[in-house]
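Undergrad: The primary structure of each chain is shown beneath.
2 protein chains.
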Amino acid sequence: MNVLIRALQAVVTAAVLQGASTTAAESPPLSAADSDPVRLGWMVGSPPPPEKLIRFADGSHLRFPQTRWSFAHIRHFVPTSGVWRGDGPVSVLPRAERSDIGAVTFTPIGRSDKMTWAQSLEANYTDAIVVLHKGRIVYERYFGVTGPHSNHIAMSVTKSFVGTLGAMLVAEGSLDERAPVTKYIPELAGTAYGDATVREVMDMTIGVKYSENYADPKAEIWSHSRAGGILPRPPGYDGPTSFYAFLETLQKEGEHGQAFAYKTVNTDVLGWLIRRVTGKTLGQLMSERFWQPLGVERDAYFIVDSEGTEFAGGGFSPTLRDMARFGEMMRLEGRFNGRQVVPKAVVDDIRRGADKAEFAKAGYTLLQGWSYRNMWWVTHNEHGAYSARGIHGQVIYIDPKAEMVIARFASHPLAANANLDPTSLPAYHALAQHLLR
Amino acid sequence: MNVLIRALQAVVTAAVLQGASTTAAESPPLSAADSDPVRLGWMVGSPPPPEKLIRFADGSHLRFPQTRWSFAHIRHFVPTSGVWRGDGPVSVLPRAERSDIGAVTFTPIGRSDKMTWAQSLEANYTDAIVVLHKGRIVYERYFGVTGPHSNHIAMSVTKSFVGTLGAMLVAEGSLDERAPVTKYIPELAGTAYGDATVREVMDMTIGVKYSENYADPKAEIWSHSRAGGILPRPPGYDGPTSFYAFLETLQKEGEHGQAFAYKTVNTDVLGWLIRRVTGKTLGQLMSERFWQPLGVERDAYFIVDSEGTEFAGGGFSPTLRDMARFGEMMRLEGRFNGRQVVPKAVVDDIRRGADKAEFAKAGYTLLQGWSYRNMWWVTHNEHGAYSARGIHGQVIYIDPKAEMVIARFASHPLAANANLDPTSLPAYHALAQHLLR
Chain W
47 MNVLIRALQA
57 VVTAAVLQGA
67 STTAAESPPL
77 SAADSDPVRL
87 GWMVGSPPPP
97 EKLIRFADGS
107 HLRFPQTRWS
117 FAHIRHFVPT
127 SGVWRGDGPV
137 SVLPRAERSD
147 IGAVTFTPIG
157 RSDKMTWAQS
167 LEANYTDAIV
177 VLHKGRIVYE
187 RYFGVTGPHS
197 NHIAMSVTKS
207 FVGTLGAMLV
217 AEGSLDERAP
227 VTKYIPELAG
237 TAYGDATVRE
247 VMDMTIGVKY
257 SENYADPKAE
267 IWSHSRAGGI
277 LPRPPGYDGP
287 TSFYAFLETL
297 QKEGEHGQAF
307 AYKTVNTDVL
317 GWLIRRVTGK
327 TLGQLMSERF
337 WQPLGVERDA
347 YFIVDSEGTE
357 FAGGGFSPTL
367 RDMARFGEMM
377 RLEGRFNGRQ
387 VVPKAVVDDI
397 RRGADKAEFA
407 KAGYTLLQGW
417 SYRNMWWVTH
427 NEHGAYSARG
437 IHGQVIYIDP
447 KAEMVIARFA
457 SHPLAANANL
467 DPTSLPAYHA
477 LAQHLLR
Chain R
47 MNVLIRALQA
57 VVTAAVLQGA
67 STTAAESPPL
77 SAADSDPVRL
87 GWMVGSPPPP
97 EKLIRFADGS
107 HLRFPQTRWS
117 FAHIRHFVPT
127 SGVWRGDGPV
137 SVLPRAERSD
147 IGAVTFTPIG
157 RSDKMTWAQS
167 LEANYTDAIV
177 VLHKGRIVYE
187 RYFGVTGPHS
197 NHIAMSVTKS
207 FVGTLGAMLV
217 AEGSLDERAP
227 VTKYIPELAG
237 TAYGDATVRE
247 VMDMTIGVKY
257 SENYADPKAE
267 IWSHSRAGGI
277 LPRPPGYDGP
287 TSFYAFLETL
297 QKEGEHGQAF
307 AYKTVNTDVL
317 GWLIRRVTGK
327 TLGQLMSERF
337 WQPLGVERDA
347 YFIVDSEGTE
357 FAGGGFSPTL
367 RDMARFGEMM
377 RLEGRFNGRQ
387 VVPKAVVDDI
397 RRGADKAEFA
407 KAGYTLLQGW
417 SYRNMWWVTH
427 NEHGAYSARG
437 IHGQVIYIDP
447 KAEMVIARFA
457 SHPLAANANL
467 DPTSLPAYHA
477 LAQHLLR
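Residue numbers (my numbering), protein chains in the order written: chain W, 47 to 483; chain R, 47 to 483.
These are calculated hints, taken from the structure and not from any lab test. Among the hints, a few may not be true.
It does not matter which identical chain is meant; a pair holds if it fits inside one copy or across any two.
[To be verified] Dumping the calculated DSSO-like pairs for lysine-lysine here, alpha-carbon to alpha-carbon at most 30 Å:
1) Lys264 to Lys298
2) Lys229 to Lys98
3) Lys447 to Lys160
Please read these numbers as outputs of a predicted model, since none were measured by experiment.
So here's chain W without its partners, still in its complex pose:
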């Protein structure tokens, strides 16, 4: 498991491991039912009793099972900026709910017994899930403290939004994918990115020393999360106090352009490139390019650091249906709500994926044959499915052949998709096949 999913994920696992009583690390975590945040009564009371309080200062906002509440309330803990939905009407997502979906069965990876779709939600600590088939909502469930109007942190699903933005700028000619990063961000000369290209950043084939060894208090992952204000800083902290300042500390390790290596910092670099090229914040761009044309239901928001810089690698909190709208737009080759939101060529580029051999070097045993392009995970399966993936089970899964889009929020206790994939990927595919019948 040591090469598996990293980056932001690690931030959260680290917070779990850092906790005084690390239930998750020492014994089997509470089940989804037993960790239901309503049942556990987080943040109820005036004030909540100490054992029901979730606080930024002690890092409990990123500790399971508190995460089952906090992931739907990130703005309660950190500064944020809004992503405006605009003034236009909400785009309609027609409903055609089906009662047969919960009973769809599949065989989890590595197991011989069958599991139902409904059971998989429990296994994955699903907080909210919606399935679109041919553009209609065929299945929608909310658990715990979530509802249709709840924002929930998408974590690394954020990367696919930012990667799509980046690809659009490349397609428009305002960002040159072959140019060195330093053409746009001279501040990164002398760092790992000093001899990297924009494309290498966008596909995460960057050789950068960025340790996610949670046991090492000097690992870069700690600096990253503390710099961005996602985790509290210890007394006397004298490290960087912004994402940009942290990025300027990163050193090279290995070569660029040789192998896929999933590291959240790359998306923060891409976010920087995008802002530098457009003169706008990610929040402004996400509103203008996605949220307004999509006709979403609700504003989203970003975690911002002490300089107002959004956490591009994982700080986006949309609602479930709005995340599904974005996925549906991608499925429809960029066209949604009567508009070409993303150029078809950009969607095609993502769907084609990247070099499988480079991806294979990352050693994801559960994701064989996949690739990673413009910060999307491309399955290269027979349905041509591709996905945006967050570390606690947040997902957008697009199956073009089955005309299916799944959006999911989750708060799995363990920060690694390897814990989620066995009961997720076959479930998605089984549902796709079911819908194709």
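Fit chain R to the given chain W structure using the hints.
TA: Relative to the frame of chain W, chain R by itself:
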């Protein structure tokens, strides 16, 4: 001026005074035009250059002229919680704009020369203003970084929302105004509130030691703002880290029920009473009781402390038009958008005001004959006008006789309504008379 407007106001002035280069304290502050936040380029760049950065850590988010940007972006600096608008349609505010309003003239208090309505906006550092007449928008202007969809901190206007909520609970019988505060909050026994009644809190006739002497580093005002996380805490800070913990430190000074004394902490106590009685957060209640039935356009948000407790005394950020909807509902005796949002008896109670003699003891030379009821300022003028007032010029002004409601956001450099009233109160009244013609 020494007895004048206090409380949250002081927090902000204090931040101004604390600044390294206290322009406002040492020389005339920049004019509204010269302090325009777009012109000054706050927070533009990736990252913004140091001289254009506004940060929580150095308190510059509460320092003029940065406030002209930050007041419309408070969530960028501190944790917040949302006030949901609900899923219903937006209530229509018909438009009937009039071109004659800007030229309405009045004589500012203490001056002999005339000023126009349009000039008063500049004098008051108005960020956004809307005037409703008979329920129609007759005038609407946005300046600087604001627009119809911008949330802006309402500061002490928040108090009138919370006071109205409290009065509704009293009317419904779930909060006994004659009961001691300790009936609901035993934690406040042994504090200034140990022998106070709910009504005394609601009308701010509380004798509490709460200094707003900005020059005194031990003044309670510092503890209040630091406790709530509105201002940064110095290294080694060991004071209270929540609003509730701060309230528990307050000691009595003088008697209750004798004189009006405007102190922000009273609204935080009322917020506590409301949460204790309802088992809900202010955000939930504001959504259920006001935002949803009013059919507002946008979610609002509250500043929250480390325990998720909203800053009842001044932490509410709505949009301008939604603040106007609330005012229009009050003007219509609680009825708006086809519903009785607030009982007529509650509105009547507020309009009747409280004891003028008790109010007079506070020594507001510009507000003679006024009173303060349920956290509303009641003018007792010939139009029966009453108002919600924030310290940098935020306002809801309701003139029943003229069928006029004004909502205003502002970011005046000096934290005292005594600086704003001379060019505001006569302007409102002149406009009311103009509309009556």
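Undergrad: So, for every hint listed, does it hold in this structure?
TA: To see whether the hints hold, each was checked on the structure:
1. In this assembly of identical chains, the alpha carbons of Lys264 and Lys298 lie at most 30 Å apart only when taken from the same copy (17 Å versus 50 Å across copies).
2. For the identical chains of this complex, Lys229 and Lys98 are inter-copy neighbours only, at 24 Å across copies versus 50 Å inside a copy, given an alpha-carbon limit of 30 Å.
3. In this assembly of identical chains, Lys447 and Lys160 lie within 30 Å of each other by CA distance solely inside one copy; the values are 24 Å within and 73 Å between copies.
The structure agrees with every numbered hint stated previously.
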